[in-house]
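Going down the list, the sequences are from chains U and R. So in the working numbering, the last spot in the first sequence is 1192, and the numbers never skip. So in the working numbering, the last spot in the second sequence is 1192, and the numbers never skip.
Quick caveat, the hints were computed from the structure, so don't treat them as lab data. Please note that a few of the clues may not be correct.
One copy or any two copies: either way a pair holds, since identical chains are not told apart in the list.
Claimed, not checked - Dumping the calculated EDC-like pairs for lysine to aspartate or glutamate here, alpha-carbon to alpha-carbon at most 20 Å:
{"#": "1", "residue 1": "K1132", "residue 2": "D678"}
{"#": "2", "residue 1": "K788", "residue 2": "D750"}
{"#": "3", "residue 1": "K788", "residue 2": "E771"}
{"#": "4", "residue 1": "K582", "residue 2": "D730"}
{"#": "5", "residue 1": "K1132", "residue 2": "E727"}
{"#": "6", "residue 1": "K800", "residue 2": "E789"}
{"#": "7", "residue 1": "K1132", "residue 2": "E662"}
{"#": "8", "residue 1": "K800", "residue 2": "E610"}
{"#": "9", "residue 1": "K800", "residue 2": "D605"}
{"#": "10", "residue 1": "K800", "residue 2": "E762"}
{"#": "11", "residue 1": "K1132", "residue 2": "E1060"}
{"#": "12", "residue 1": "K788", "residue 2": "E579"}
{"#": "13", "residue 1": "K1132", "residue 2": "D965"}
{"#": "14", "residue 1": "K582", "residue 2": "D772"}
{"#": "15", "residue 1": "K788", "residue 2": "D772"}
{"#": "16", "residue 1": "K582", "residue 2": "E610"}
{"#": "17", "residue 1": "K788", "residue 2": "E808"}
{"#": "18", "residue 1": "K1132", "residue 2": "E706"}
Residue-level listing of the chains:
2 protein chains.
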Amino acid sequence: MSPRQESETKRGEAEATPRALVVFTPSGRRGRVARGTSVLDAARRLGVDLDSVCGGRGICGRCQVTVSEGEHAKHGIMCTGAALTPPTPTEEAYAADRGLAEGRRLGCTALVGEDVVIDVPQESQVYRQVVRKEADARSIAVDPVVRLYFVEVEPPQLASPRSDLARLLDALEREWDLHELSIDPVALRNLQHDLRAEPAWSVTVAVHDGSTITAIWPEFHDAAYGIAFDVGSTTVAGHLCDLHTGNVLASAGEMNPQIRFGEDLMSRVSYVMLNAGSEKELTRVVRGCVAKLTAELCREAGVERTDVLELTFVGNPVMHHLLLGIDPTELGGAPFALALDTGLRLHASELGLPVNPGARAYVLPCIAGHVGADTAGVILAEAPHLSDEVTLVVDVGTNAEIVLGNRERLLAASSPTGPAFEGAQISSGQRAAPGAIERVRIDPETLESRVRVIGCDAWSDEPGFADVRVTGICGSGIVEAIAELHLAGVIATDGTIDGSLAGRSGRIVRDGRTYAYVLQAGEPELRVTQNDVRQIQLAKGALHAGCMLLMERYGIDRVPRIRLAGAFGTHIDPVHALVLGLVPDCEPEHVTSAGNAAGTGARIALVDRSARTEIEEVVRRVEKVETAVEPRFQEHFVNAMAIPHDVDPYLRLGAQVALPRRWTATVTTDRAARRRRAAERRAS
Amino acid sequence: MSPRQESETKRGEAEATPRALVVFTPSGRRGRVARGTSVLDAARRLGVDLDSVCGGRGICGRCQVTVSEGEHAKHGIMCTGAALTPPTPTEEAYAADRGLAEGRRLGCTALVGEDVVIDVPQESQVYRQVVRKEADARSIAVDPVVRLYFVEVEPPQLASPRSDLARLLDALEREWDLHELSIDPVALRNLQHDLRAEPAWSVTVAVHDGSTITAIWPEFHDAAYGIAFDVGSTTVAGHLCDLHTGNVLASAGEMNPQIRFGEDLMSRVSYVMLNAGSEKELTRVVRGCVAKLTAELCREAGVERTDVLELTFVGNPVMHHLLLGIDPTELGGAPFALALDTGLRLHASELGLPVNPGARAYVLPCIAGHVGADTAGVILAEAPHLSDEVTLVVDVGTNAEIVLGNRERLLAASSPTGPAFEGAQISSGQRAAPGAIERVRIDPETLESRVRVIGCDAWSDEPGFADVRVTGICGSGIVEAIAELHLAGVIATDGTIDGSLAGRSGRIVRDGRTYAYVLQAGEPELRVTQNDVRQIQLAKGALHAGCMLLMERYGIDRVPRIRLAGAFGTHIDPVHALVLGLVPDCEPEHVTSAGNAAGTGARIALVDRSARTEIEEVVRRVEKVETAVEPRFQEHFVNAMAIPHDVDPYLRLGAQVALPRRWTATVTTDRAARRRRAAERRAS
């Protein structure tokens, strides 16, 4: 007798028996059911969220519960371990086969004997929360858009010529209460084979969005995965997740192969503009990269590619358009019109990806011509729209995307920072890759420097550093170097390298008509030149101006909380960012890294169906600010060039925006005081 | 000033002016509108069905109306030609450019001046009826699932970063009241180019099912076509239709290239069973054939392939499954389980067809393991389910599909007639192709024959017949030959060829242990052998038995009306069919050909969206009768072998089913009487 029959027989017998009180925790739902009712049935009747894929056959083990023994005065129950019937052979077989923790019961085979308080652990709930490791991060709800259902289908009979599909739909309606399902033509193809594979007439189906059968497997099948992709101009990254637990099983990144058509976004758009039809080639290579990553992630996680049922994508507007096969030419010039600014649902096969042929893809919405689906991902991950506190979220790349606001109101803009923060247009600059200097400390007395390099945990004056090959300076390295040089008095407020110090230190050298600081002598020699400082000034001026513009629009003069997203935001030291004036003034402890927020947003949209409507709704109401048409932006920009940011622009904003307190208190032009503070910081 | 602006200005002025009574015919809808309202706007306000693609810009000419001059006592109106404002420059330009019949006005530019009665001709209605040429045929409603809408879209503005799609959707909502549209990713790809093609910011979109944009064209575009396909085992036929008028612009057929895998259905299924994976090859070749026909039809009709937006398909279950890429193995043996028995909506691209990339396909539902989507098409075309009168519809091929019933109740079955009716397994048999004998007359006195051959309108004893090469006998030819031989007394009731007549005519010759009738002497010699008669007896026995089984189930002993569908049904002479007992007894004038009803059904589903839900609903409630499990079928079969059908089976049905009147009255075993009747018929 199958566990299902077992349970049904018992249920039948139970109809005449007296009823028992069942209380479920943590939901608190309670009610009386006939003794002999299975815990799973009781949960369903009382509307308690108790998971199951096999539909009560003791196979999947998703419906595990615990009896909450002891006195429950509130419910008037004295609950013992015997409140449920003893473990059945099915349960023992499951425990022997797959293991069952002490005290755990399978809700589908354990029957209610007496009044009982039953605890449904987090992992037995269909809807659950995954708490993220990062502090400050929102926890992720797991409620995937695709779910698996195991069913037993009636075999066909000559006398009753109903189709295999019709009988499958009957079973799904009978066992799972799923109505009016349609089926993807690709899932139809193997339906008949799958239904007849031994042991015949039982299959697991994937149902997308409660409406469409997208995949079928013979017998019980309990594996459903998804991949969240962040398609960046430089790197394409993917995270393979278990759609049941929401956990990331593998992550991988690849260089975006479009780089051969242009280092940055605009050069790729130019390439498309100059070479008719070349957008097809750019689409082909980026999809190829996503396909390669898909295969790699599946291999790494030991997952069948046909078990990948769902994909999500974020990316800046140009990557978004090229991924979808849309010519990005319009994004290359004013008025920077997006083709679409809504989320897009499509078949993974339309993107040519090697996953289940019924898999679906969801592309998050772009916000504006320069504010892409990656920023939508950042919003989803950082959730400023769910908070009372106003947050400034900054994602720095070739453009900086800036989001400001709270649940009341949200503003977004893009600031043209240029590629300096990514190490480009810097004399010794390079990408953030092994060999790149990412941390810099400069002694204000000796003007000597210590550095740390990507790929090595030791500082250059520590023993572990020997034999490390230093190849260049990455974005965070150049920002720290300039901030430290400023703190050491080498770089003045206006950005000039003080040539008079050349006598005091051999590190300050003449460099044409200006001066430079030698960060590393020898091969290769790495310098911070006057032009490097100018490039960073331009970049940080643009970023700061964008932030100021949004703050002005929002009507606040100070942000309580700043989140730095993206690779640069992860590597940059918040204090150096503040010293240099990259972001508006804020308590340093409230300036934190958000990690790869865009990718996290893609992951949230992957595992939580409701996040998709949530972000679409948020994107619709975000106030889009176009910096290019804001006269105030130019003004803020010019005023934000100085290092540190001089107090003038604050004063000029007038009454509405008062002078920030901390700025005057902590940033002075007194070099000695600044050196002192830096020394203190290092000592602490 | 554009006609739209013209009209809007006038409308603005009109608000303060007095109102006029407008009566629309033939709908009879009436109401008062401000003088100066355009006829199109008045129609929309009063809920009158008046077509328009350009949205009132005087471009499409779809909204043509006529003023119904004279006294309309019923409405209290004395209507003159001046009831509408005089023709506008836009109307004159339209008339000069595309022509406008006397008295016709463009409803979008003609404004209401006085009380007026306006006639909306059939062709200006969105929903219209196409009357079919065939008598007895239902007229076809034209209401395609895809419609075109012309719109003017706001250009993008730097300060307001809404996407092109968002502004397009705004325009569709504003001008056409279309809400919550989604867009097919393939239509998105060229959206930005199309919007900017000169003259920029006006496009025509195709909206599928009122919900999804599937295609976009720059500027005004007024061409939307569809193709209805009938995928037969032998022939694949397609009809290209104008989705606006419902008219067939081109028809073409191709041999089904699957023939190289097996002459008939079952040999193809066997091929698939014996060669793992070969179903993919069969799918590939049949789709290739459909693709080739598509290109051919477009060429013939002078239609752009990208203007083909909709496709429909009918076919027997095996063709249906193979077209969809479903292994037909299950259809090769009991219990003959279909993969699906519902209609299927898919993208034409999933079938690899060279049409608009956003085109959709609709595959009509199969009914049972041997009763396919072709029969669903026959039902749609013949519409027994809409009639009070009970109709028997028979579609003869290798299997005969039989449908019986009326609006109350509908039954369907398939009878295994074998391929004899298609000329196979007949000694001199061949397909219905040029050179095949399709008509036979035998003189009961001389036993000499006259024949008519496909490809020549003359009989063999007429002058025009010289030089016609006769190659064989097709299905309708062999049926007529046997019926005529029976009427001439050469073939007895039990099917035996009477060898004693060999002395009377040289046409009766010895053929091994039996006799044969020489239909054509010379090269090639064409005979009707004893075995040929047996094959036709088996086939007609099966067909008759199937009909009897359904009649018995339905509880009637006589059908008032018989429709013969398909190629065989078109060529067969109803009287011969009755003489031979192919179908149950019926008044000969009520036995008529239904033509290619399956193809017509595909055409109806193509041009009329509601026909799809209609046929799905009908197919769900059809009572499916499986002849193989009906003991009564064997009994009917054995009893139906005789020529003509002896009266025994009727008697044996007992009280419930009385002996049909006509049978006893007109069919006798008296050869003389029979010859007399045949002579009378020929003379009349």
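Hints, verified against the model:
For the homomeric pair K1132 and D678, the shortest alpha-carbon distance between copies (18 Å) is at most 20 Å, but the shortest distance inside one copy (49 Å) is not. Taking the shortest alpha-carbon separations for K788 and D750, neither the intra-copy value of 33 Å nor the inter-copy value of 33 Å comes in at or below 20 Å. When the C-alpha separation of K788 and E771 is checked against a cutoff of 20 Å, the pair qualifies only within one copy, where the shortest distance is 18 Å, while the shortest distance between copies is 44 Å. When the C-alpha separation of K582 and D730 is checked against a cutoff of 20 Å, the pair qualifies neither within a copy, at 38 Å, nor between copies, at 73 Å.
Taking the closest pair of Cα atoms, K1132 and E727 never come within 20 Å of each other, the shortest separation being 50 Å inside a single copy and 30 Å across copies. Taking the closest pair of Cα atoms, K800 and E789 come within 20 Å of each other only inside a single copy of the chain (16 Å); across copies the shortest separation is 29 Å, beyond that limit. In the homo-oligomer, the alpha carbons of K1132 and E662 lie at most 20 Å apart only across protomers (18 Å), although the nearest pairing inside one protomer, at 56 Å, exceeds that limit. In this assembly of identical chains, K800 and E610 lie within 20 Å of each other by CA distance neither inside one copy nor across copies; the values are 43 Å within and 66 Å between.
In the homo-oligomer, the alpha carbons of K800 and D605 never lie at most 20 Å apart, since the shortest distance is 36 Å inside one protomer and 56 Å across protomers. Taking the shortest Cα distances, K800 and E762 sit within 20 Å of each other inside one copy (9 Å), while across copies they are farther apart (42 Å). Only within a single protomer do K1132 and E1060 lie at most 20 Å apart by alpha-carbon distance; the minimum there is 14 Å, versus 73 Å between protomers. With identical chains, the CA atoms of K788 and E579 are never at most 20 Å apart, being 69 Å at best within one copy and 65 Å at best between copies.
Neither within a single protomer nor between protomers do K1132 and D965 lie at most 20 Å apart by alpha-carbon distance, with minima of 41 Å and 76 Å respectively. Taking the shortest alpha-carbon separations for K582 and D772, neither the intra-copy value of 64 Å nor the inter-copy value of 75 Å comes in at or below 20 Å. Only within a single protomer do K788 and D772 lie at most 20 Å apart by alpha-carbon distance; the minimum there is 18 Å, versus 44 Å between protomers. In this assembly of identical chains, K582 and E610 lie within 20 Å of each other by CA distance neither inside one copy nor across copies; the values are 26 Å within and 88 Å between.
Neither within a single protomer nor between protomers do K788 and E808 lie at most 20 Å apart by alpha-carbon distance, with minima of 30 Å and 32 Å respectively. Within a single copy, K1132 and E706 get their C-alpha atoms no closer than 57 Å, and across copies no closer than 29 Å, so neither meets the 20 Å cut-off.
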